[in-house]
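Asks: Sequential numbering from 509 applies to the sequence shown in our numbering.
In short, the hints are calculated from the structure, not lab data.
As a list, the in silico DMTMM-like pairs of lysine to aspartate or glutamate whose alpha-carbon atoms are at most 25 angstroms apart:
id : residue 1 : residue 2
1  : K574      : D623
2  : K846      : D537
3  : K846      : D539
The calculated label-pair distances, taken between Cβ atoms and stated as ranges, are:
id : residue 1 : residue 2 : range
4  : S704      : V562      : 16 to 24 angstroms
5  : V677      : G594      : 26 to 34 angstroms
6  : R703      : R569      : 18 to 26 angstroms
7  : G850      : V585      : 29 to 37 angstroms
8  : T683      : E853      : 45 to 53 angstroms
9  : H855      : A712      : 26 to 34 angstroms
10 : T595      : I847      : 17 to 25 angstroms
11 : R766      : A712      : 25 to 33 angstroms
12 : A712      : G736      : 33 to 41 angstroms
13 : F874      : A854      : 24 to 32 angstroms
14 : A880      : F851      : 31 to 39 angstroms
15 : V570      : A792      : 48 to 56 angstroms
Where a beta carbon is used, it is the ideal one built from N, C-alpha and C, also for glycine.
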Amino acid sequence: MPRQLQVVAFVSTLDRFAMPPMLIAMAHDFDVPLSSIINAAGVYFLAYGLMQPVWGMVSDRVGLVKTMRVALALAAVSTIAAAFSGTALTLGIARGLAGACFSAAIPASLIYIGDTVPSDRRQPEVTRLMAGVALGTGLASVGAGTLAEFTSWRLVFVLTGLFALVLIVTLGRLTRPPMTRENAGVLMPLMAVVRSGPTRVVLALAFLEGMVLLGVLTLLPAAVEATGASASVAGTVTAVYGLAVLGFARLVGAMARRTRAARLIALGACAAAAGCALLTVARAPVVALVAAGLLGLAWVSMHSSLQTWATEVLPGVRATVVSAFAGALFLGSAVSAKIAGGFAEAHRYALIFGWATMLAVILGLFATLGRARWIGPEGGPGP
Numbered sequence: 509m510p511r512q513l514q515v516v517a518f519v520s521t522l523d524r525f526a527m528p529p530m531l532i533a534m535a536h537d538f539d540v541p542l543s544s545i546i547n548a549a550g551v552y553f554l555a556y557g558l559m560q561p562v563w564g565m566v567s568d569r570v571g572l573v574k575t576m577r578v579a580l581a582l583a584a585v586s587t588i589a590a591a592f593s594g595t596a597l598t599l600g601i602a603r604g605l606a607g608a609c610f611s612a613a614i615p616a617s618l619i620y621i622g623d624t625v626p627s628d629r630r631q632p633e634v635t636r637l638m639a640g641v642a643l644g645t646g647l648a649s650v651g652a653g654t655l656a657e658f659t660s661w662r663l664v665f666v667l668t669g670l671f672a673l674v675l676i677v678t679l680g681r682l683t684r685p686p687m688t689r690e691n692a693g694v695l696m697p698l699m700a701v702v703r704s705g706p707t708r709v710v711l712a713l714a715f716l717e718g719m720v721l722l723g724v725l726t727l728l729p730a731a732v733e734a735t736g737a738s739a740s741v742a743g744t745v746t747a748v749y750g751l752a753v754l755g756f757a758r759l760v761g762a763m764a765r766r767t768r769a770a771r772l773i774a775l776g777a778c779a780a781a782a783g784c785a786l787l788t789v790a791r792a793p794v795v796a797l798v799a800a801g802l803l804g805l806a807w808v809s810m811h812s813s814l815q816t817w818a819t820e821v822l823p824g825v826r827a828t829v830v831s832a833f834a835g836a837l838f839l840g841s842a843v844s845a846k847i848a849g850g851f852a853e854a855h856r857y858a859l860i861f862g863w864a865t866m867l868a869v870i871l872g873l874f875a876t877l878g879r880a881r882w883i884g885p886e887g888g889p890g891p
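All chains should be built: construct the whole structure from the sequences, respecting the hints.
Replies: Take a look at the structure:
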């Protein structure tokens, strides 16, 4: 896998995870309820999700590399504009545009892997991509919280926008894979997705995963701050999630070569349920550290397995499936942010994480059984 794809994952994740540690600081700056800023974060995830199929179709027409470069250019402008927002409304609009543009980054990277890496080596490569996600998560969690506390949250968005501009140049040196889907009509891939039962299952699982994992991670810094911790401490706690993703990525990558995907999903679901259960009981920094580590294991083990499944379920329309998968993931996150915003405003975090625990159990059961029973495109059981 080209190193540039890990950098793409890093920059995209850096922007996505910068906002959660700064939610309370932004609410104070704009003098609005916390729920208003959580809703602005939800707009980012909603736009991120809705634009996935659009970017998938664009990449089929103009190519993966060109799509990533155009999207990152637009993302840089939108992100820097968010730094100069004067109200919570303009912040939500700018962040929504940024989410819509950054949404092309990681799905295009996954499609690139699917188009250039044989299926028997794909899971480890997807796991390697998670290293970029981990570094972005860790730096965003620590850096954003610290900058928000000691300087300004606005500086964070300026930096992520500049990083995106630099990345446009580096992607120009990336080898372009052959275009194999340019003659497909706009509706044909979408109809193939709608008609495929296994694909619908994968998308439903992605939606639930977004509600659980991304929903919990969005609220984790605010939940820790609600215990009296500072923004920098809350960000550092969340950064453990990124470190856990980085640390477990190599382990899960090695396990993927000899362990069935259904078992990796089960392992990740158990870790997610355990982490959410801990947060239901307490949100003190020490407890949150352990929970963040468990959520990191859940992301590497369960999410990378579901992502790999998405690249395999309908190879003929891979770009559309992978984009729809990412869209479902972030739609789930947007829905959870909208539902949980009022409860977070009232500091009812035990209720939020209790529901997340139950959803994690349901997700784990359906995802494990579904992956174990899936019959691959060649007529045999999926790997």
